[in-house]
Structures are given as C-alpha cells and as structure tokens.
Amino acid sequence: MSGIRGKPRLALFISGGGRTALNIADEIDTGKLIAEIAVVVASRQCDGVERCRERGLDVIIAKGVIPEDRLAQILSEYRVDLVCLAGYLKLLPIPDGWQGRILNIHPSLLPKFGGPGMFGDLVHTAVLEAGEQNSGCTVHICDGEFDRGPIVLQRTCEVVQGDTPETLAARVFRAECEAYPEAIRTTLKTLGFDADQ
Amino acid sequence: MRKLVLFAAISLLMPALALAQTKAPESDPAIKAFQKQDFDEAERLWKQWADRDPQAFVPVYNIACSRSLRGDIKGASEHILNAIERGFADINQLKTDPNLKAFRRTDTYDQLVAAWPTFLDRRVDADLEAAKKIYGSRYNYTKDSKYRLAFASSYDTITSRQAREEVRRTADWAIKNVFRDLQGTDDGLDPWVMVVLPTKQHFIVWANQTYGQMHVSATSQLGGAYAHDQKKLVTQDLGSTLRHEFFHVLHWRSADRLGQRHPVWIQEGLASIVEDMDQTRQGRWEPAVSWRTNSIKRLAEQNLLTPIERLATMPRSRFAGNRPLSNYAHSRAVFMYLHERGKLADFYEDYTTNYSEDPQGLTALLRTLGVTDKEFDKDFRNWARGLEEVYEQNSPPNLGIGVVLDVSPGDGPVVLQVTHRSAQNAGLRPGDVVTGLNNRSVRDLNEFYRVLTGLRKGQRIEIEYRRRTQHKSGTIEITDRE
Numbered sequence: 001m002s003g004i005r006g007k008p009r010l011a012l013f014i015s016g017g018g019r020t021a022l023n024i025a026d027e028i029d030t031g032k033l034i035a036e037i038a039v040v041v042a043s044r045q046c047d048g049v050e051r052c053r054e055r056g057l058d059v060i061i062a063k064g065v066i067p068e069d070r071l072a073q074i075l076s077e078y079r080v081d082l083v084c085l086a087g088y089l090k091l092l093p094i095p096d097g098w099q100g101r102i103l104n105i106h107p108s109l110l111p112k113f114g115g116p117g118m119f120g121d122l123v124h125t126a127v128l129e130a131g132e133q134n135s136g137c138t139v140h141i142c143d144g145e146f147d148r149g150p151i152v153l154q155r156t157c158e159v160v161q162g163d164t165p166e167t168l169a170a171r172v173f174r175a176e177c178e179a180y181p182e183a184i185r186t187t188l189k190t191l192g193f194d195a196d197q
Numbered sequence: 001m002r003k004l005v006l007f008a009a010i011s012l013l014m015p016a017l018a019l020a021q022t023k024a025p026e027s028d029p030a031i032k033a034f035q036k037q038d039f040d041e042a043e044r045l046w047k048q049w050a051d052r053d054p055q056a057f058v059p060v061y062n063i064a065c066s067r068s069l070r071g072d073i074k075g076a077s078e079h080i081l082n083a084i085e086r087g088f089a090d091i092n093q094l095k096t097d098p099n100l101k102a103f104r105r106t107d108t109y110d111q112l113v114a115a116w117p118t119f120l121d122r123r124v125d126a127d128l129e130a131a132k133k134i135y136g137s138r139y140n141y142t143k144d145s146k147y148r149l150a151f152a153s154s155y156d157t158i159t160s161r162q163a164r165e166e167v168r169r170t171a172d173w174a175i176k177n178v179f180r181d182l183q184g185t186d187d188g189l190d191p192w193v194m195v196v197l198p199t200k201q202h203f204i205v206w207a208n209q210t211y212g213q214m215h216v217s218a219t220s221q222l223g224g225a226y227a228h229d230q231k232k233l234v235t236q237d238l239g240s241t242l243r244h245e246f247f248h249v250l251h252w253r254s255a256d257r258l259g260q261r262h263p264v265w266i267q268e269g270l271a272s273i274v275e276d277m278d279q280t281r282q283g284r285w286e287p288a289v290s291w292r293t294n295s296i297k298r299l300a301e302q303n304l305l306t307p308i309e310r311l312a313t314m315p316r317s318r319f320a321g322n323r324p325l326s327n328y329a330h331s332r333a334v335f336m337y338l339h340e341r342g343k344l345a346d347f348y349e350d351y352t353t354n355y356s357e358d359p360q361g362l363t364a365l366l367r368t369l370g371v372t373d374k375e376f377d378k379d380f381r382n383w384a385r386g387l388e389e390v391y392e393q394n395s396p397p398n399l400g401i402g403v404v405l406d407v408s409p410g411d412g413p414v415v416l417q418v419t420h421r422s423a424q425n426a427g428l429r430p431g432d433v434v435t436g437l438n439n440r441s442v443r444d445l446n447e448f449y450r451v452l453t454g455l456r457k458g459q460r461i462e463i464e465y466r467r468r469t470q471h472k473s474g475t476i477e478i479t480d481r482e
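Going down the list, the sequences are from chains A and B. The first sequence begins at 1 in our numbering and counts up by one. The second sequence begins at 1 in our numbering and counts up by one.
Calculated directly from the structure, the hints in this document are not laboratory data. No experiment lies behind these values; they were computed from the predicted model shown. The beta carbon of each residue, even a glycine, is placed where N, CA and C say it ideally should be. Hints are supplied without guarantee of correctness; some may be wrong.
[As the list claims (entries may be wrong)] 30 Å max Cα-Cα, derived BS3-like pairs, lysine-lysine:
1. A:Lys63 x A:Lys7
2. A:Lys112 x A:Lys63
3. A:Lys7 x A:Lys112
4. A:Lys7 x B:Lys374
5. A:Lys63 x A:Lys90
6. B:Lys374 x A:Lys32
7. A:Lys32 x B:Lys378
8. A:Lys7 x B:Lys378
9. A:Lys32 x B:Lys457
10. A:Lys7 x A:Lys189
11. B:Lys457 x B:Lys472
12. A:Lys189 x A:Lys32
13. B:Lys95 x B:Lys74
14. B:Lys176 x B:Lys133
15. B:Lys95 x B:Lys143
[What the hints assert, rightly or not] Take a look, some chain A residues computed to stay more than 12 Å from chain B by CB distance:
16. Ile28
17. Gly31
18. Lys32
19. Gly56
20. Arg70
21. Arg79
22. Asp143
23. Arg148
24. Ile151
25. Thr156
26. Arg171
27. Leu188
Excised from the complex, chain A in its bound form (with noise of 0.2 Å):
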C-alpha cells in the first residue's frame, strides 16, 4: 500500500483540555507515529481548541451529538483514514464503511469502571473507592455504545497507597501516553498501512 496511499490521516475528536491529541501530535512530531492529523474536531468551545489551534491544526466545532451524515460529510471532506476519539464525551455514531476505523481511549481496565457518565476524575475516584490495586487503560474499536467494542490493548499500573483521583489519573495519563500511539499504529496496521513505509 506504501507510496499509493500516502500517510494515514487521523481525525482526533476532543470535548476538553487536548491532552491526548496534543500527546499523538507529539508522537507524530517525534517521528514515533507515522500519520498526519487532518482535523480535530471539538463537541464544545474548550481549551483544547485553542492548544490544537496555536498547533497549526485544522480545528472544527461540531456542538453536541454529532449527527452520522454530518460526520460521513466531515470524514470525507479530509479524507480521513482512522477516527481516534480523544477524551470526546459525546456518543459517537458509526457511518456506514467506519466500522473498525473508530478508536476509543479510556482511563481504566474496561469493562470495569466504563459506561455512561464514567469519565475523567469519576473514574478515577470510582478505582479508589472499590480499593482496587491496579488501573489503567483501555484502548477499544467503537460499537455505537459508551465504552464497549473489541479491545484493541490495555495498559496497567498500579494504584498506590495515598492516591487522590488526581495522583492516579496522573499515573494512568502516562500509560494512555503510551498506550494510545501503539493502539493506532496497530490499527492502521491492520487496515493496510505499512509501518515502515
């Protein structure tokens, strides 16, 4: 395929600070991943926008649930190759042809502490409360449901003894650092992109 189709194009879908997509930024600007990002598109004006924005980066706002013709449009438009949502909060639906080619980050070893409303420090302070000795984090081919879908790698660390939902959700950050770039640079194995092109 190498030559034909050029480098993947990722659209990164965020509802919040950008950490995550400016993290796969950084792996593409390291040389770590080979892709482009061609769009990041944003549920909601937040801090995020403007990071991605000062990065160059083609940010558009598509408020709320994005409706399947509008992202079928928006996807083509960039001709994007892998959708990979990055914190994005809202439920994604699943245009025809898309099915395997959307990806899912989540901060905990799904399927515990995932679904509806399980997001950010909840999720952390949910690991906590039920005494757990690890977490980390899960990343999953999107099904049309909250959190569900074939698990495409999880990363592990441990909880420690004085954890605060932030301290732990500083320790899980690291591991979707580095979970999230492997999961896509599999993927896009998978749907015929050469590594070493």
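Dock chain B against chain A, hints included.
Below, chain B alone, put in the same frame as chain A:
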C-alpha cells in the same frame, strides 16, 4: 524600545507555553502608533499599561524613548529613572538604543553609567531581601559573584549546593565551548540573575501568574522558564530544565553585550544542547544522545527532516507552534553535529562577527563547515541516522528498579511504592527521591530511562536518593518494569 521577552523551555509539552506572553493588550497597538510617529497615542497606551501594572518597566522605558525623540529630555530622564526603579537593568540597551540619542547627552545618563556596577550590586541585595519576604526563612539564599547569580532555593542544603554546582559546571562548559566572548567579562555590567528553585506550591503560583492558568493546566510537566526582562530563572526541575534555562541566561548576556537578537533556532538549539550531558570515557562532560536525538534519528530515517534553510529562517511562532519537538530536537542536533567536529565556538564567533549580514546564521553555519546547504542536509541526515538510540519516556524499556515512581518535576523521580525486594533491601521507602543511578544524575523520567540504556535485568547498580534532608546511597537490582 522593548518588547517583552519571556523564554520557556519545557522538556515535554512546550507548544502551549511558548506563546503565552501577551500580557498587555495595548502593547502591539502602542508599538504601531510609535512607528507611525503618533507619540501621543503610543504614550497614552503605554501609560495605561504602566498604571495597571506597577511592576512593568517596558511601557515606562518606551515612554522615555518617545520623550527623548520628541526632545523632552527632562521627561526622558524621569521615565528612565522610573523604569530602573521598576526593574530595568540593561546598560547595553541604554548605551545603544537609537531612540535615546538625545537622552545620552544628559548628565543623568553619565551619572547612571558611572554608578551602574554599584547600582546592580545594590539591586541584587534588594532583590534577595524581596525574595525573602515572598518565600520566607525556610529557603536558603546565596550569591555566586563569579556568574552574578542570586539563588533562592526551597531545597535542603546539599541539594541546593548540587544545583549551584550544576549551574557552574554548565557555565564553564558554555564559556569554553560556545561563548568565548564571555571569558573575562568582569566589568560588573551584567545584570545579576535571580535563580529560584521553588516548592511546588510557589512554582504553581508563579507559573499561573506568568503564563495564565489555561496554559499551565495543559501540562503538569512544565519544568521552568527564564524571563529575561525580569532577570529571573524559575525552575522546579534541577536537571535538564535548569541547564537549558541557565544557558539562555548566558546567551542573553552575550547577545546583549553584542547588541544582537539571535533567532529561535540558535537560541533553543544551543540551550537544548546542555539538556542531556554525560561523562565521556576520557572524563569530559559532554552533550549526550537523548530522547531528542532519538527523534532526529527517526525523522532522518523516514526522510522527514526539515531542510536547514527552512529551519534557520523559521519564525518563533512556527518553530514553537506547529512542530515544536522536532524543531527543538533538530536544532539541538545541528549544534551537537558542530560540536562533534570541534567547530561550535568557531561558528558562534563567525556568526556574531558577521551578524549584520546574516542575522539568521545560515551562512555562518555553512561557512564554518565549508559546505553548501544541500551538502549539509545530506551529511547531517547520514550522521543522524547513525546516532545511538537510548531509552525514553513514552516508549520505555521493560526495565525498572522495583518501585512505582511519581513523574512530576523536581529534584528527581519520587518513590510512591516499593514493589520489589531488591529495592526494599536497598532501603528505599515511599517518599524517597531518586537522584542518581549508576553514578549518573537522574532528575527526571527521561534521564531515568536514558541511564537504563545498556543495562540488563538482574544487574546490580549504585543508587543515590534523598530522604527529606538526608542523602543516602545503596545498591539496587535492575528488575522488570513495574
């Protein structure tokens, strides 16, 4: 005339911060008005800014320029004195600013120049007193007269001394290998610089004030920054960030003396070169391969390197905006390449000598190496492809030392939990700060993984760590990663 100068080097997530310096909304319109010689409008905007921020000397200094140009010498003198009260300290600017030509014919100016060294010495003492009021008696306060630095450190005596020694070692290296023009400059005319090594709480307060909350919350990894106008270096990371930011201090000293403003690729590339340093087999302390050279090696292998001609002419907003990590890594690698050929100091001398014809430094680079830009790109790419790779954060090895580590910036990674018996036997406890491994300094996670390069599971190595004010050492076994 002055614009605010604020330099940030953040090891991991630079982009958001490097742009966050628009403190005064009237700054740009004022400069535009001034350039159109609409002095009334320019002064009105600067006065607004000065009234709102009693610490800001930039608007007051600029009003002085405007007054001097209009022939109001008394007004110019008053505003210069006011700017000095507010923190202005650059004698070279006073001596060379074309807008101040009329002011330089006054007695006030002659008196200022004669008294400048004494004035700077008094100012640093006053600054230290002010720092004591802000940071309190638990910090320790010292001065380094050779390099004209005042330190306010929240760390224990030994850690504070290590930080001061690191700064000296960096200065010695820089003056020997780059800024030969700073050798023997002891005329007392360089402004002192305040180096603050704050507690986490003080750091957050400072960072929010300086950059705004939005940008600070973007990253927990902000190590520190040097604000040249304030002559203040603040860092909580005592390793790569301290060295990088301190390098900016020296570079500004050199550039101010020469009356030059160097482009971003030279400023950041040179400062980045001291981020990762290692002892060579011959016992010299030299720039080392690191996560930054890893990037450049990968980009070279994928034929994705920016041509040198584009890198050298990139404006700061693009350099630090679009692809900051590769631009920093690339510039650092260019200067490593020069240094390996023994030509770094030659380049700097050639560049600063011929600055007026070649402010971007590209011609000086190619002349120093005796190549064309195409030849340079080719040789550099081949050199980059051959660089040794090291372990780094985000793609670390499956190796560890049997503990869970906290990653936030400081004097080293903090042990959160001991998971392996070897770490327990070495005496490690939660709360200990790992400061050295295998006789190399470890101040952050990238350094931590870098020093694991070449080690194997089961190998036993030296570990140095800090428990509150006590500094300890032991032997520890390399384990699987936690």
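For this structure, which hints from the list above don't hold up?
Checked against the structure, the hints that fail are numbers 3, 14, 16, 17, 18, 19, 25 and 26, while the rest are satisfied.
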